[in-house]
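Engineer: Sequence:
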Amino acid sequence: MSTLGLKVGQPRSLAFASGGVRSDLRLLEVDEKLLEEIMRQGVVIKGGEDDEAVLVTSCRTYGMKLVETTNLQLLVGPQDQQQQQPQHGEEGQSFQRGAVGEPGPGATQAAPPLGYGSGLMTQWNYFRSGSAVPEPVAVNATSMSHIELVEVPPRLEALRGLLWQHPYGIEDERDEQVGGRGGQGDAEMEDATASGDGGGGGGGGGGVRGTSSAARGRGYTFEQLLDRVQASPAELRAALAAEGALELGGRWRAVEANYLGSLLELVLLTAEQEGMSLGALRESRLAAALQPDGYYPAVVRHCLGVYGKPAGEAAEAGGSAAAAAPESGSGAWCLDETKVCVHFAVKVMAGRSLPLAEFNAAWARAVPYGMTPCLDMLRAEALIDGSGSEARISPFPASALPRDPGERFGALFRRRARWEWSHLEPYLAGVRVPGQSVEALLMRFARASQPTPDSPLVYSAR
Numbered sequence: 001m002s003t004l005g006l007k008v009g010q011p012r013s014l015a016f017a018s019g020g021v022r023s024d025l026r027l028l029e030v031d032e033k034l035l036e037e038i039m040r041q042g043v044v045i046k047g048g049e050d051d052e053a054v055l056v057t058s059c060r061t062y063g064m065k066l067v068e069t070t071n072l073q074l075l076v077g078p079q080d081q082q083q084q085q086p087q088h089g090e091e092g093q094s095f096q097r098g099a100v101g102e103p104g105p106g107a108t109q110a111a112p113p114l115g116y117g118s119g120l121m122t123q124w125n126y127f128r129s130g131s132a133v134p135e136p137v138a139v140n141a142t143s144m145s146h147i148e149l150v151e152v153p154p155r156l157e158a159l160r161g162l163l164w165q166h167p168y169g170i171e172d173e174r175d176e177q178v179g180g181r182g183g184q185g186d187a188e189m190e191d192a193t194a195s196g197d198g199g200g201g202g203g204g205g206g207g208v209r210g211t212s213s214a215a216r217g218r219g220y221t222f223e224q225l226l227d228r229v230q231a232s233p234a235e236l237r238a239a240l241a242a243e244g245a246l247e248l249g250g251r252w253r254a255v256e257a258n259y260l261g262s263l264l265e266l267v268l269l270t271a272e273q274e275g276m277s278l279g280a281l282r283e284s285r286l287a288a289a290l291q292p293d294g295y296y297p298a299v300v301r302h303c304l305g306v307y308g309k310p311a312g313e314a315a316e317a318g319g320s321a322a323a324a325a326p327e328s329g330s331g332a333w334c335l336d337e338t339k340v341c342v343h344f345a346v347k348v349m350a351g352r353s354l355p356l357a358e359f360n361a362a363w364a365r366a367v368p369y370g371m372t373p374c375l376d377m378l379r380a381e382a383l384i385d386g387s388g389s390e391a392r393i394s395p396f397p398a399s400a401l402p403r404d405p406g407e408r409f410g411a412l413f414r415r416r417a418r419w420e421w422s423h424l425e426p427y428l429a430g431v432r433v434p435g436q437s438v439e440a441l442l443m444r445f446a447r448a449s450q451p452t453p454d455s456p457l458v459y460s461a462r
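Numbering (the UniProt record's numbering), first residue to last: 1 to 462.
Please keep in mind that the hints were generated in silico from the structure rather than gathered at the bench.
As the structure is a prediction and not an experimental result, all values here were calculated from the model.
Relax, there's no trap hidden among the hints.
In silico lysine-lysine, DSS-like type, Cα no more than 25 Å apart, as pairs:
1. Lys46 <-> Lys33
2. Lys65 <-> Lys33
3. Lys65 <-> Lys46
Label-pair ranges, simulated between beta-carbon atoms:
4. Arg414 <-> Gly351: 14 to 22 Å
5. Glu439 <-> Ala238: 22 to 30 Å
6. Met443 <-> His146: 24 to 32 Å
7. Val150 <-> Gln273: 54 to 62 Å
8. Leu14 <-> Gly48: 36 to 44 Å
9. Val150 <-> Ala15: 34 to 42 Å
10. Glu223 <-> Glu36: 23 to 31 Å
11. Gly275 <-> Gly48: 48 to 56 Å
12. Ala398 <-> Arg447: 16 to 24 Å
13. Arg414 <-> Gly161: 16 to 24 Å
We put the beta carbon where it would ideally sit given N, CA and C, even for glycine.
Working from the sequences, and respecting the hints, build out all of it.
Structural biologist: The following block contains the structure:
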């Protein structure tokens with residue numbers, strides 16, 4: 001209202017701009033919070049030729065929906081104050097509408113009654129001032145649609161493919177062994193890195209000294225991934241951590257599961273030989289001990305980050321293993337018992353179905369001394385079919401399932417037609433749809449039934 005200078009009793013006319021009217025503009029509907037972020041930090045619209053476009057902020061992703069309307073929307077620009085003022089009479093006299101023979105409210109000069117000494121020009125200005133209006137509002141553009149934004153989960157399907165184009169594994173280790181012998185400087189820098197007690201993060205993104213130039217040139221930088229993946233920077237960082245991606249020389253790659261598992265077992269063996277507690281593993285000592293085997297500090301740190309956490313964080317979380325951890329910042333790590341036990345469970349199953357009793361016995365023998373495996377650790381990792389002596393366990397990791405809720409429910413019901421909630425819940429923990437709860441997803445993709453009044457709910461495909 002204030003932009004157009006509208007006032008009660010003073011309508012304004014519309015007129016198309018003399019310079020032409022644009023029809024190629026798109027209106028974007030946003031709330032105040034998103035508008036503030038757009039003005040402060042800006043946004044990015046992502047999407048390839050075969051993708052649906054998304055709008056990305058610093059921490060969220062929004063789907064874009066074009067909504068058409070039958071009404072023509074007229075777009076106007078800011079109005080000049082002079083255009084909003086009524087026209088004035090001759091010689092600067094301004095007259096207001098009022099009863100004949102009476103001065104109008106706020107009039108700068110009283111208008112004499114008609115026929116009593118007023119000239120023709122004065123009477124003409126008086127009548128013209130009664131119908132004076134501002135200049136017409138210029139319409140600069142028109143539109144018959146606008147874009148609505150709906151918060152959606154980040155579309156990370158492309159991320160896994162990009163990370164696995166150049167997975168880090170035994171071939172990189174061989175390249176590094178060949179390249180690392182080319183000069184003494186790298187070895188000296190490696191020794192300097194290994195002798196430090198820096199903590200480092202769980203992502204393994206610390207120093208890359210000692211790695212060959214070939215290994216550092218593979219993979220994608222964070223900026224390259226951000227250009228190719230429909231996700232915000234914060235969502236992409238969280239996805240890289242969830243995927244267990246390794247950063248070397250500023251480039252991100254996946255790590256071969258067998259290679260990482262072998263490194264974990266070497267870490268456990270080295271810790272036992274060095275007399276280190278699994279709740280207080282010294283990164284510098286482990287890196288120095290494993291360097292002759294071709295493992296470099298950045299990769300060792302990554303392994304510790306995947307299967308554990310810095311000792312300071314573990315101490316805050318509590319736990320028996322964390323009780324022996326030294327102070328934060330001392331370069332010590334505490335292994336996560338569940339993650340380590342899951343690794344050995346996957347190794348025992350080796351992608352096949354096993355009798356449950358046989359698996360339990362082999363699993364108990366495989367885990368490190370002092371760790372106690374239990375089947376609750378394998379939620380979202382394996383499924384048990386049958387009961388009693390006929391029970392069998394088989395691998396079924398949630399990490400291998402699609403991220404899309406509809407596709408994930410489809411994969412779950414193809415594996416098992418009927419699910420109890422206690423078995424289904426772990427596989428839905430990683431499904432996130434903004435604005436929708438897990439209960440809403442169940443109502444949308446599943447059907448609940450109860451065979452008997454005292455039996456638990458069972459979910460099947462809708």
